[in-house]
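Residue numbers (our numbering), protein chains in the order written: chain D, 2 to 229; chain G, 12 to 234.
Accuracy of the hints is not assured; some may be wrong.
[As the list claims (entries may be wrong)] DEER-style ranges, computed between Cβ atoms:
hint	chain 1	residue 1	chain 2	residue 2	range
1	D	18	G	121	39 to 47 angstroms
2	D	138	G	215	50 to 58 angstroms
3	D	72	G	219	26 to 34 angstroms
4	G	71	D	166	48 to 56 angstroms
5	G	218	D	42	45 to 53 angstroms
6	D	20	G	169	15 to 23 angstroms
7	D	70	G	16	26 to 34 angstroms
[Claimed, not checked] Covered by chain D, according to a simulated footprint, are these stretches of chain G (three or more residues, beta-carbon under 8 angstroms):
hint	stretch
8	91-98
9	142-148
Rather than coming from a laboratory, the hints here were simulated on the basis of the structure.
Being a predicted model, the structure only gives us computed values, none of them experimental.
The beta-carbon is built from N, C-alpha and C at its ideal position, and this holds for glycine as well.
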Amino acid sequence: MADAPAIELSGVGRRYGERWALRDATVTVPAGATLVIFGPNGAGKSTLLRVLATLLRPHAGSASVLGEELPRREWAVRGRVGLLAHDALLYRDLSARENLRFHARLHKLGEERVEALLEATRLLPRADDPVRTLSRGLLQRVAVCRAVLHDPPLLLLDEPRANLDPAAAALIEPLIGRESGRTRVITSHDPAGGLAEADIALGLRDGRQALLGATGEIDTAAVEALYR
Amino acid sequence: MRPTMALLRKDLLLERRAPESIPAMVLFAITTFVLFHFGLGRDEVDGSLAAGVLLVTILFAAILGINRLFVSEQEEGGFDGVLMAPIDRTALFLAKAAALFLFLTLVELVAVPAFAILLLGPSPWHALPALVLTLALVNIALAAVGALVSALAIRTRSRDLIVPIVTLPLLVPALIAAARSCAPLLAEHGDAWPAAKWLLMLGLYDLVFGLLAYAVFDFLLED
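If we strip away everything but chain D, and leave its shape as in the complex, we get (with noise of 0.2 angstroms):
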């Protein structure tokens, strides 16, 4: 029997106020597949990411993810999870090793993880610092290894690359790329290199589906045309 969709979106909607930022996002994504979503800002990605998240609940159609309804049993899907958002979603203050201790005790992880985190992404001599501290680049690091430190079976990246030298984006690439099996929603500005990281893509435009495809269906000037 194949396996139950990760996620599976029906004329899902979410606004603020009265302004919707989303309305009828519909798409089922496979277990281990990749979702990347494009649009220009203001488009509601983010929203989007923020649903599935569980940190917004919709309010209109039905969501599921890994095989959990939404916002029923949200509950459920907490945990198994990680979000790299815009922010880092960490302490300043606190140095990377503490946010990420900080995170592995929420989680009833084991400091081990988080130092072979820490040694795979080669933070261990920025480890003690406190994350103000830190370029945008070493952020994100962090914030990548906050985001897979509970080992979760569904990733949800915005722009995961930003900010990132080639080097750094390599080193990054076995935790939240294609070879780390999980199943990934990414946010993407990128149409080339997006279509290319992409099994399914999604446009969205003024809130609006304006886009949905398997990879080989959609071309490049398709998801240009979604920035004009």
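Dock chain G against chain D, hints included.
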């Protein structure tokens, strides 16, 4: 209890690393005592006036701490990470209330002796155990209500307005009981122990508001 301890430890570490709440609360309390000194035009106060000055000052100083209680979560951006963790969200309430309780206790370790030196006429030594007990019960009340209101206010744009407007009326019963408890302790030739009914009322307030806050806190964090 492990998530609660992790959250509390993080809050204490943040306050130690970048002290904000405690120094502000201490400075506020001492400044207020000086203002009372000049405002009342008296060198010394005792009895119910002393109890009122001490408790209102602690209450207002607590408002500063309550206002800041969840700010680190939002300013630092770590709150979403906490909300996505597989923990009972009431752990967050317990941790925030415990942190506020500890902050208040530390503030009082400085503010109460300062009050005794700057304003209080009679020596409070004879009634110290009862005073400590009363202030501990007051701190529990402030911590329970403060953690609840702070979580409510953090999601609004007018946090600075909502905290005092909601917190102060909720704390009126606790303030009445605490003032009646403290008044005989701070009087000239006063009692060593307050009437049991006022301590009982404070304890009951702590229990009711503690349970209420525990029960509704989860809903406040819902989107």
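Verification of the supplied hints:
1. A C-beta distance of roughly 45 angstroms is found between residue 18 (chain D) and residue 121 (chain G), which places it inside the suggested range of 39 to 47 angstroms.
2. For residue 138 (chain D) and residue 215 (chain G), the Cβ-Cβ distance of about 55 angstroms falls inside the hinted range of 50 to 58 angstroms, so the restraint holds.
3. A C-beta distance of roughly 30 angstroms is found between residue 72 (chain D) and residue 219 (chain G), which places it inside the suggested range of 26 to 34 angstroms.
4. In this structure, residue 71 (chain G) and residue 166 (chain D) meet the distance hint of 48 to 56 angstroms, their C-beta atoms being roughly 51 angstroms apart.
5. In this structure the hint that residue 218 (chain G) and residue 42 (chain D) lie 45 to 53 angstroms apart at CB holds, the actual value being about 50 angstroms.
6. A C-beta distance of roughly 20 angstroms is found between residue 20 (chain D) and residue 169 (chain G), which places it inside the suggested range of 15 to 23 angstroms.
7. Evaluation of the 26 to 34 angstroms hint for residue 70 (chain D) and residue 16 (chain G) yields a pass: the beta carbon distance comes to about 32 angstroms.
8. With 8 residues bearing a CB less than 8 angstroms from a CB of chain D, the stretch 91-98 of chain G meets the requirement of three and the coverage assertion stands.
9. Residues of the stretch 142-148 of chain G with a Cβ under 8 angstroms from some Cβ of chain D number 0, which does not satisfy the need for three, so the listed coverage is violated.
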